[in-house]
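One line per chain: the protein sequences are A and B, in this order.
Taking the working numbering, the leading residue of the first sequence gets 1, the next gets one more, and so forth.
Taking the working numbering, the leading residue of the second sequence gets 365, the next gets one more, and so forth.
If you're looking for bench data, these hints aren't it; they were derived computationally from the structure.
Since the structure is predicted, the reported quantities are computational estimates derived from the model, not experimental observations.
Watch out, some of these pointers could steer you wrong.
[Claimed, not checked] Between beta-carbon pairs, the in silico distance windows are:
{"#": "1", "chain 1": "A", "residue 1": "Leu13", "chain 2": "B", "residue 2": "Val429", "range": "25 to 35 Å"}
{"#": "2", "chain 1": "B", "residue 1": "Val429", "chain 2": "A", "residue 2": "Glu64", "range": "42 to 52 Å"}
{"#": "3", "chain 1": "A", "residue 1": "Pro180", "chain 2": "B", "residue 2": "Glu398", "range": "39 to 49 Å"}
{"#": "4", "chain 1": "A", "residue 1": "Val205", "chain 2": "B", "residue 2": "Val485", "range": "48 to 58 Å"}
{"#": "5", "chain 1": "A", "residue 1": "Arg299", "chain 2": "B", "residue 2": "Lys370", "range": "35 to 45 Å"}
{"#": "6", "chain 1": "B", "residue 1": "Val429", "chain 2": "A", "residue 2": "Glu118", "range": "29 to 39 Å"}
{"#": "7", "chain 1": "A", "residue 1": "Glu64", "chain 2": "B", "residue 2": "Asp448", "range": "51 to 61 Å"}
{"#": "8", "chain 1": "B", "residue 1": "Lys375", "chain 2": "A", "residue 2": "Glu118", "range": "15 to 25 Å"}
{"#": "9", "chain 1": "B", "residue 1": "Val485", "chain 2": "A", "residue 2": "Leu103", "range": "52 to 62 Å"}
{"#": "10", "chain 1": "B", "residue 1": "Lys370", "chain 2": "A", "residue 2": "Glu289", "range": "38 to 48 Å"}
{"#": "11", "chain 1": "B", "residue 1": "Lys375", "chain 2": "A", "residue 2": "Ser303", "range": "51 to 61 Å"}
Just so it is clear, CB atoms sit at the ideal spot from N, CA and C, and this is done for glycine as well.
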Amino acid sequence: MKESVLTPVHQHLGAKMASFAGYNMPIQYSTGINAEHDTVRNEVGVFDVCHMGEFIIQGAEALELIQKLTTNDASALAIGQVQYSCMTNEEGGIIDDILVYRLGEEKYMLVVNASNIEKDWNWVVAHNLNGAELANISESTSLFSVQGPYAIDTLQKLTSVSLKDIPYYHFKIGMMYGIPDVIISNTGYTGAGGFEIYLPRNLSVELWDAIFSAGRNYRIRPIGLGARDTLRLEMGYCLYGNDIDDMTTPFEAGLGWITKFSKDFTGWRVLQEQRNKGTKLALVGIMMEDNGIPRHGYRIMNSEHETVGIITSGTQSPTLKTGIGLGYVHTGLKAPGTPLLIEIRNQFHKATVCRLPFVQSKVK
Amino acid sequence: MIFPQKLFYTKDHEWISFENQYALVGVTDFAQKELGDIVYLNIPSINKIILKEGFFGMVEAVKTVSDLFMPVTGKIIEVNPIIDKAPEMINQEPYSTWMIKVLLTSVNDKQSLLTADEYKVLICK
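Make the full structure from the sequences, and use the hints.
As structure tokens, this is what we get:
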């Protein structure tokens with residue numbers, strides 16, 4: 001199992017550690033998931049997400065390769081801009097959901113899920129037919145996500161880069177706490193607002209400590225992957241491996257908005273047909289009416305107790321104090337307000353299809 | 365971690381205390397720590413007699429769900445009303461926040477339950 005360089009720091013902070021995507025990561029700290037969740041919604045919290053992968057693609061052939069690999073239109077990116085996108089296979093299935101950063105004129109960075117680093121890298125290398133320059137910098141790069149209303153005030157103390165001038169899904173490269181060439185990105189996976197910070201792995205502990213000193217007056221706290229999951233679920237964001245995988249397509253997953261047919265990409269034909277004909281299944285938000293928490297693998301039924309879908313993610317929303325989840329249902333049942341039943345231990349609990357996000361986002 | 369001496373324990377991490385023909389049942393400090401933030405208790409079997417080691421309900425935490433098993437044979441006559449309003453009490457005070465009150469319906473064999481010291485040995489292994 002791989003370790004974050006911050007493992008001793010997490011253990012000192014009382015973290016409960018567990019294996020996630022082959023990495024020993026903090027799941028929660030001593031105060032628990034609900035308190036961590038509230039910290040990010042109301043104050044500021046820091047996630048160690050060093051396990052995420054980063055690939056550099058550069059050279060004259062870089063854009064062409066990225067266009068071929070991904071569903072979104074990377075030619076629309078200005079330098080300093082970020083894009084949410086998918087890599088799809090020949091059948092239109094999602095290999096990974098990723099972020100594409102345009103770092104320079106002909107230089108890009110793909111940020112990929114930890115569980116997919118090897119698969120994605122092999123896929124990118126295999127499709128690099130025209131000789132774009134590739135580098136997998138995952139092992140030498142760290143990523144912190146600083147999220148919450150006071151993220152900006154906390155980080156501004158550590159850099160002369162004007163953070164309020166970085167719009168959502170944009171970034172700047174600058175000095176932070178004396179560390180040069182840090183990528184400061186106005187992105188996140190929480191809907192609470194904040195920044196993601198990419199830095200050299202050997203300087204991780206230094207910057208982690210500096211961020212906590214800078215945020216002391218805002219009651220900054222470390223946040224584990226448990227609260228990362230409740231935060232992203234309240235926003236209805238997909239988690240690779242749960243809600244999307246190689247067998248699901250962007251149209252089934254509600255990611256048609258990052259699928260652009262104005263350019264060619266792997267899986268174009270299948271997805272074009274899905275766009276025109278529609279899909280059999282659709283990923284929807286599900287809110288419990290009764291008590292109970294929908295969880296991965298639970299069956300979704302209609303009022304006649306016929307199976308009409310399956311839950312892919314679920315939790316108790318710390319903000320709403322009710323069970324929420326994502327799941328695939330027959331397309332005819334995807335309209336918000338549609339009543340459903342969730343089978344929990346042979347009992348049927350009432351739920352309804354809910355428009356996403358479950359909780360109002362603070363970003364954009 | 366705390367192991368009150370006056371309680372009995374099960375290998376499934378429930379505790380039980382006896383008073384006359386009644387017993388109170390909850391989960392241990394170890395169990396609440398493993399579960400994390402508890403958000404909801406589902407006890408469908410009220411007013412039913414359940415045999416020792418039988419399933420009597422589920423405890424839902426944010427991250428996980430766990431089955432609950434009867435430490436003794438008896439009838440569940442009450443679910444702690446505090447838990448519905450404040451399920452986090454199980455995390456905060458696992459040994460005073462009982463989950464169910466049981467009317468004992470047969471001669472219960474305390475011998476098969478664990479003492480505090482035996483339970484401590486079990487989870488420190």
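To see whether the hints hold, each was checked on the structure:
| no. | hint | verdict |
| --- | --- | --- |
| 1 | A/Leu13 to B/Val429: 25 to 35 Å | 27 Å, holds |
| 2 | B/Val429 to A/Glu64: 42 to 52 Å | 48 Å, holds |
| 3 | A/Pro180 to B/Glu398: 39 to 49 Å | 44 Å, holds |
| 4 | A/Val205 to B/Val485: 48 to 58 Å | 38 Å, violated |
| 5 | A/Arg299 to B/Lys370: 35 to 45 Å | 44 Å, holds |
| 6 | B/Val429 to A/Glu118: 29 to 39 Å | 32 Å, holds |
| 7 | A/Glu64 to B/Asp448: 51 to 61 Å | 60 Å, holds |
| 8 | B/Lys375 to A/Glu118: 15 to 25 Å | 40 Å, violated |
| 9 | B/Val485 to A/Leu103: 52 to 62 Å | 57 Å, holds |
| 10 | B/Lys370 to A/Glu289: 38 to 48 Å | 42 Å, holds |
| 11 | B/Lys375 to A/Ser303: 51 to 61 Å | 41 Å, violated |
Of the numbered hints given earlier, the model fails hints 4, 8 and 11; all others are met.
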